[in-house]
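Chemist: Here is what each chain is made of, one letter per residue.
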Amino acid sequence: MGYIDATFKTFGITLKNLFRKPTTIEYPAVRRERAERIRASFALVHDANGEEKCIGCKFCEWICPSQVISIEATPKRESPVTGKKRGYASDFTLNLQACIICELCIQVCPEDAIIMTREQEQPGFCREDLVLTMDKLYANEKKTLAWHTGAALMEMQNPQRGQEKPAAPAAATPAAAATAAPAPTEDKPA
Amino acid sequence: MAVNESDRSFDHPLYETLERFPGLDLATTAVDKVLTWGANNSQWIFPMATSCCGIEFMAAAASLVDLDRMGSITRGSPRQSDLMVVAGTITVKMAPRVKRLWDQMPEPKWCIAMGSCAISGDFYRDIYSVIPGIDVAIPVDVYIPGCPPNPEQLMAGMLRLQEKVNLKRAGLWSPPETRPETGKTIEPAIKRLLQAGRDERITAAQLDQAMSLMLPAVDLPPRPEPEPEPTAEADAGTTEAPAAPATPDGGHHE
Amino acid sequence: MTPVALARAPWPDPYLNVDDYDPEADLMVINLGPQHPSTHGVFRVVLYLDGEIIIKAIPHPGYLHRGVEKLCEKLTYAQITPIVDKNDYVAPMLNEQAVNMAFEKMLGVEVPLRARYMRTILAEIQRVASHLLWLGTFAMDLGGALGGGTSVFMYCFRERESILNLFEDLTGCRFHYNTHTVGGQRHDIPAGWAAKVHQTLEAISQRIPEYETMLEHPIFVRRTKGVGVIDADLALELGLTGPLLRASGVDHDLRRDAPYHIYDQLKDLAVAVESEGDCMARYKVRVKELRESIRIARMLIDNVPEGPISGGRPIKQPGQFKAKGGQVYVGIETPRGELGTYLIAGGGKMGDTPYRLKIRPPSLHALACVPYVFPGHSLSDAVAILGSLDPIMGEVDR
Amino acid sequence: MSESENNTRELAFRRLLRAQFGVEGEPEAPLPDDGPLVAREHHKALAKALQAAGWRLYVTCAATHFPAVPGKKPTDATTPECFEVATVLRSVGPGTHVARWRVKLAADETIDSLVRVFVGADWQEREQFDLVGVIFAGHPDLRRLMMPEDWVGHPLRRDYAIDTPHAPWR
Amino acid sequence: MTDTLEELMLNPVIRALFWGLVMVTAVMTVTAWTTWFERKFAGRMQSRMGPTLVGPAGLLQPLADAAKLLQKEDLIPDSADRFLFNLAPILTVGFALGVAAVVPFTPDILAADLDVGVLWLLALSGLMVFPTWLGSWASNNKYSLISAMRAVAQGISYEVPMVLAIMVPVIMTGTLSLSDIVADQVKNGWLIYRMPFTGFFAFLVFFLAGLAEANRIPFDIPEAESELVAGPTTEYTGMKFGLFYMAEYIHTLLSSAICAAVFFGGWDGPFAPGLHWMLAKSVLLFVFLTWVRWSFLRFRSDQLMDICWKYAVPATLALIPITALYTVWHGGAR
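Protein chains in written order, with numbering that gives the first Met the number 0: chain A, 0 to 189; chain B, 0 to 253; chain C, 0 to 397; chain D, 0 to 169; chain E, 0 to 333.
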């Protein structure tokens with residue numbers, strides 16, 4: 000009788016799973032360990048001199064497929080720290096309402112000014128809660144930052160990689176240097 | 000948004016009954032506490048799972064996060080649900096159905112907009128067939144950002160909803176004000192995508208400016224340095240003159 | 000609309016006039032969907048029931064029509080990849096690959112070998128995840144939300160979770176990865192990933208017999224055997240592809256027959272074919288593919304060559320890809336069948352956006368068989384058949 | 000083996016097109032990259048011939064709208080509005096070959112439906128009718144597939160505004 | 000004082016009322032926590048945790064559910080038949096609890112020691128299909144209607160093997176009173192293993208029929224979430240749905256209790272008091288029922304009828320003469 004045999008086997012499977020350890024993460028109490036490359040939210044960062052990195056070039060605003068970034072740039076002016084002439088963003092808004100976390104803004108940023116954080120934004124009671132204003136973005140800098148930076152991604156995607164030794168990235172940011180893109184040799188089983 | 004929070008007020012007849020009898024009205028506070036606790040901890044979900052977020056919703060109900068831990072099970076019938084989780088894009092064709100199902104749910108009921116599509120319509124929000132956010136049709140209590148949000152985020156949203164229910168039942172809830180300074184970004188339209196050029200605001204001059212603003216510090220490993228992108232042309236290309244390919248052959252062969 | 004019989008016996012007539020059906024019969028018209036536990040999204044079928052037997056089914060897709068094709072006409076090639084992720088949201092990797100392969104063909108970009116290996120591996124792992132999800136939801140369709148079906152569903156999701164962790168390690172996202180780009184990949188394989196892939200896939204392949212045991216119970220067999228038979232002729236004419244076509248006895252797999260990526264180097268790719276064409280055959284084909292994909296992915300992960308992962312310039316500017324214009328068609332094999340991309344590109348000033356991007360979704364063709372297969376089955380069978388077709392409404396409606 | 004199979008099929012496809020369906024060129028000369036243009040009278044016959052010759056899998060059909068374009072100079076003639084319908088078929092098995100051809104239609108022309116040849120054309124043609132507005136003559140049930148039945152306009156036409164409002168929802 | 004109490008308890012009416020009340024309360028309470036148990040058990044079986052956050056180990060979950068259901072708005076569809084719609088949930092719980100009256104937990108704890116307890120049991124479980132049908136019909140919902148038709152077909156069909164199956168213990172013990180059946184087992188051994196082993200097969204059939212009557216997987220065709228949304232209860236809200244939900248669990252619990260009493264010797268067992276044995280057996284059977292539920296897929300309705308009429312009924316029809324002949328051969332029921 001196929002029925003009897005199969006029935007007992009099925010009982011066996013469910014019984015086996017009954018004694019397996021549940022894979023549940025008890026969420027509010029326990030947080031799952033996420034991947035190293037996890038991308039969750041955004042932050043704007045300062046450079047080593049304590050100056051805002053964003054120069055208001057609007058590349059991210061332009062490439063965003065969902066068009067959630069809006070930037071107001073100021074004309075070039077002299078930096079109070081370095082004395083060089085550079086641009087600034089006077090307003091930077093990233094609207095998480097429609098963000099698809101595609102990472103393209105990080106990818107195109109020439110200054111590594113916008114980077115990803117590893118912490119999710121909390122759910123909100125209204126749509127406005129989900130708008131990352133400039134203040135919020137700069138506040139996010141203090142959260143755990145992800146490795147994603149424009150320079151790191153560029154380095155990873157460089158078409159010439161592996162063919163000639165690339166010069167060490169001169170302007171590697173601390174964030175990028177800390178979590179540099181893994182070298183392709185590391186994961187190669189011989 | 001189109002749907003107002005204040006449209007929804009519901010007092011269970013139980014309260015009325017309790018208040019009618021002298022002496023028993025004192026019990027309302029205690030009863031209220033119990034009922035709030037019950038409502039918070041037994042939210043049966045009606046999954047309005049239309050697209051990608053629906054899969055993450057399923058993942059949240061599955062063993063990783065297990066919404067059953069907080070007493071939430073999914074019901075197929077709106078009549079037995081307390082919480083509608085709108086997970087996915089709602090189209091013009093679907094919206095009347097969502098509204099109807101929402102109306103079929105008995106009070107007290109709540110709604111969670113899960114993911115960008117349900118919050119604002121995501122990048123589809125300007126497309127002829129997608130409604131720009133589910134709060135156009137039904138009132139939303141909690142918005143969970145992400146595309147799609149992780150299962151944990153959904154649980155966080157449900158915990159957030161419990162906060163809201165507690166505040167509301169205690170009479171401490173004040174609806175969030177619209178803040179004008181951020182309001183402008185809530186504009187549910189991708190103006191730049193729509194106009195003839197993809198971005199009116201980025202003119203050739205601005206692009207030049209952007210290029211000049213770029214510091215040479217970004218030190219890419221040596222690669223065939225592209226000539227600074229032909230900015231003028233790139234910009235001109237975005238003006239939608241149906242010029243080149245407008246003939247069926249595209250003008251590139253024959 | 001006057002019904003015109005498609006005089007194509009032996010298939011049921013999709014345009015049957017219900018008035019011509021037995022006038023004595025008390026027909027019940029029932030709406031399955033658009034929001035129904037078993038329709039896998041928002042799909043509506045109007046069923047004419049005689050008792051419990053379906054005599055006519057009128058499907059109504061389009062409840063998730065999001066105008067992706069229109070949107071893609073407005074976006075540049077670099078921006079489209081994250082958009083198409085959302086089409087087939089159970090196998091986003093393959094969506095990205097499909098459009099990017101069309102773009103590469105159009106733009107003449109060469110994909111480096113390492114990226115091609117990675118694409119193959121990702122496609123196969125994604126196939127495992129997709130089939131696992133199908134297995135779970137199919138069991139749930141047959142077993143109810145409060146029964147053994149849910150158990151299988153939970154087990155499948157448990158394993159799928161481990162695959163999503165792999166993807167998260169690689170790209171940083173659980174799904175909607177945006178990891179492909181024109182000319183290659185955006186994220187390189189992280190250190191230690193290969194070992195993780197081995198470990199995960201090994202664990203899954205050990206668990207597969209458990210699901211088979213649970214599902215090949217006589218109850219399941221009785222529910223699926225001989226139910227929803229699609230013969231080979233109907234399958235070909237309808238344009239069914241992938242597991243559905245192979246379950247109908249047609250030996251056709253684009254991975255082997257029109258190799259892309261590095262499939263041409265896989266001489267021993269086994270294509271699962273079953274001849275019955277019923278739900279059981281579709282289940283068997285998918286389980287075989289599950290095993291085969293695990294085998295391929297594990298075989299390839301050890302042989303990924305060194306080198307760059309991107310052939311073109313990395314995305315740095317929105318309009319950096321310029322097409323010369325033309326039309327291409329590229330089809331790849333996704334877990335649901337042939338995902339085609341018909342791309343008409345403008346040249347010159349319009350060179351940075353597609354002029355028309357038509358996506359050929361396998362699920363749309365799969366659902367088109369509903370009016371031919373449903374009649375004569377009971378309502379319970381309809382749910383089983385719909386589940387076995389594995390429709391993903393995101394790509395059906397786009 | 001599959002390569003040669005593919006080549007044989009390609010040559011057969013070329014010969015068929017040139018011999019019976021009025022495509023110009025030497026019988027076995029390569030076809031244009033964009034796919035051969037076939038006159039609209041031949042459309043259905045070509046599909047039938049291909050089905051008989053082994054291209055049995057119906058893959059897809061894609062209609063495209065080309066709006067009227069005024070000439071560059073005021074003196075130039077306006078290119079009239081037109082449509083193009085591309086059809087893709089496949090042969091099955093190893094060495095599968097893609098047969099792809101295009102049909103050009105003026106704005107007021109219809110194209111023969113392939114429903115009687117491939118039942119799968121049913122939904123594809125309905126979809127293209129819905130989104131692009133090409134009329135498929137002889138289709139038994141040419142209703143909208145994606146959009147609501149009462150929708151006005153064909154969204155995938157180039158002149159259809161992407162953000163067309165639809166009260167009360169958007 | 001104690002004397003009067005004892006005297007009072009000797010009065011059959013008062014005794015019945017007292018134990019009836021106790022039984023109802025107990026069954027209701029137990030039912031509430033069986034839902035918790037089932038969710039927990041199913042969770043662990045599926046690599047999940049089940050309820051954990053509401054109270055210690057989620058133990059307060061049933062209370063939260065009840066509090067929630069209590070405050071839900073009471074919606075009655077416009078096109079529904081209001082009277083029948085409201086009547087159905089009351090009837091369903093009423094019938095389910097009615098069965099509890101004759102379940103013998105110990106010789107003393109027994110609401111009504113009917114001479115024809117088995118008949119009462121069969122009558123009530125036969126009626127169980129009635130409120131389901133009433134509610135579905137009154138909802139005026141097509142899904143409910145289909146499920147009502149399925150429920151009626153299934154309920155009526157499975158009533159036959161159920162009656163025939165329980166005839167086997169009746170023949171073997173020679174009584175229609177449930178407590179006498181148990182008492183006989185205490186004396187002569189449990190029916191599940193007593194010669195000529197027809198008891199075992201009768202148990203299998205009775206168990207299957209019980210599953211079908213309680214609409215549990217693999218026979219939950221009337222409910223079939225993936226096909227019929229929520230089956231008969233599709234239109235029910237709040238506590239009315241809660242009553243249906245509860246009735247299902249009461250029914251399942253009592254099925255296991257009756258199986259324990261009729262086939263597994265009821266309160267018979269060494270070392271521990273009879274009540275403990277009875278409860279332990281019932282709980283074990285209930286666990287087994289739950290295990291079955293979360294392990295199997297669902298039959299199709301015609302296949303269900305197949306099993307009933309082609310296998311279960313002939314099998315029980317064969318069991319009865321065998322049992323009867325054996326019993327007569329050995330000098331009648333002992």
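In case anyone wonders, no lab produced these hints; they're calculated from the structure.
Computed from a predicted model, the values in this text were never measured in an experiment.
Treat the hints with care, as some may be off.
[Unchecked claim] Think about it this way: if two alpha-carbon atoms lie no more than 35 angstroms apart in a straight line, the pair counts; the simulated DSBU-like pairs of lysine-lysine are:
#1 Lys-186(E) to Lys-98(B)
#2 Lys-142(A) to Lys-167(B)
#3 Lys-287(C) to Lys-186(E)
#4 Lys-266(C) to Lys-142(A)
#5 Lys-186(E) to Lys-224(C)
#6 Lys-266(C) to Lys-43(D)
#7 Lys-195(C) to Lys-15(A)
#8 Lys-195(C) to Lys-141(A)
#9 Lys-287(C) to Lys-20(A)
#10 Lys-72(D) to Lys-323(C)
#11 Lys-163(B) to Lys-135(A)
#12 Lys-32(B) to Lys-167(B)
#13 Lys-15(A) to Lys-224(C)
#14 Lys-142(A) to Lys-75(A)
#15 Lys-8(A) to Lys-309(E)
#16 Lys-8(A) to Lys-224(C)
#17 Lys-142(A) to Lys-163(B)
#18 Lys-47(D) to Lys-323(C)
#19 Lys-104(C) to Lys-47(D)
#20 Lys-224(C) to Lys-72(D)
#21 Lys-104(C) to Lys-8(A)
#22 Lys-266(C) to Lys-224(C)
Chemist: Take the hints in turn and mark each one as holding or not.
Modeler: Tested hints:
no., hint, result
1, Lys-186(E) to Lys-98(B), "violated (65 angstroms)"
2, Lys-142(A) to Lys-167(B), "holds (31 angstroms)"
3, Lys-287(C) to Lys-186(E), "violated (57 angstroms)"
4, Lys-266(C) to Lys-142(A), "violated (49 angstroms)"
5, Lys-186(E) to Lys-224(C), "violated (50 angstroms)"
6, Lys-266(C) to Lys-43(D), "violated (38 angstroms)"
7, Lys-195(C) to Lys-15(A), "holds (25 angstroms)"
8, Lys-195(C) to Lys-141(A), "holds (31 angstroms)"
9, Lys-287(C) to Lys-20(A), "holds (28 angstroms)"
10, Lys-72(D) to Lys-323(C), "holds (24 angstroms)"
11, Lys-163(B) to Lys-135(A), "holds (23 angstroms)"
12, Lys-32(B) to Lys-167(B), "holds (12 angstroms)"
13, Lys-15(A) to Lys-224(C), "holds (28 angstroms)"
14, Lys-142(A) to Lys-75(A), "holds (30 angstroms)"
15, Lys-8(A) to Lys-309(E), "holds (25 angstroms)"
16, Lys-8(A) to Lys-224(C), "holds (20 angstroms)"
17, Lys-142(A) to Lys-163(B), "holds (26 angstroms)"
18, Lys-47(D) to Lys-323(C), "holds (34 angstroms)"
19, Lys-104(C) to Lys-47(D), "holds (29 angstroms)"
20, Lys-224(C) to Lys-72(D), "violated (68 angstroms)"
21, Lys-104(C) to Lys-8(A), "violated (51 angstroms)"
22, Lys-266(C) to Lys-224(C), "holds (33 angstroms)"
Comparing the model with each earlier hint shows violations of hints 1, 3, 4, 5, 6, 20, 21; every other hint is respected.
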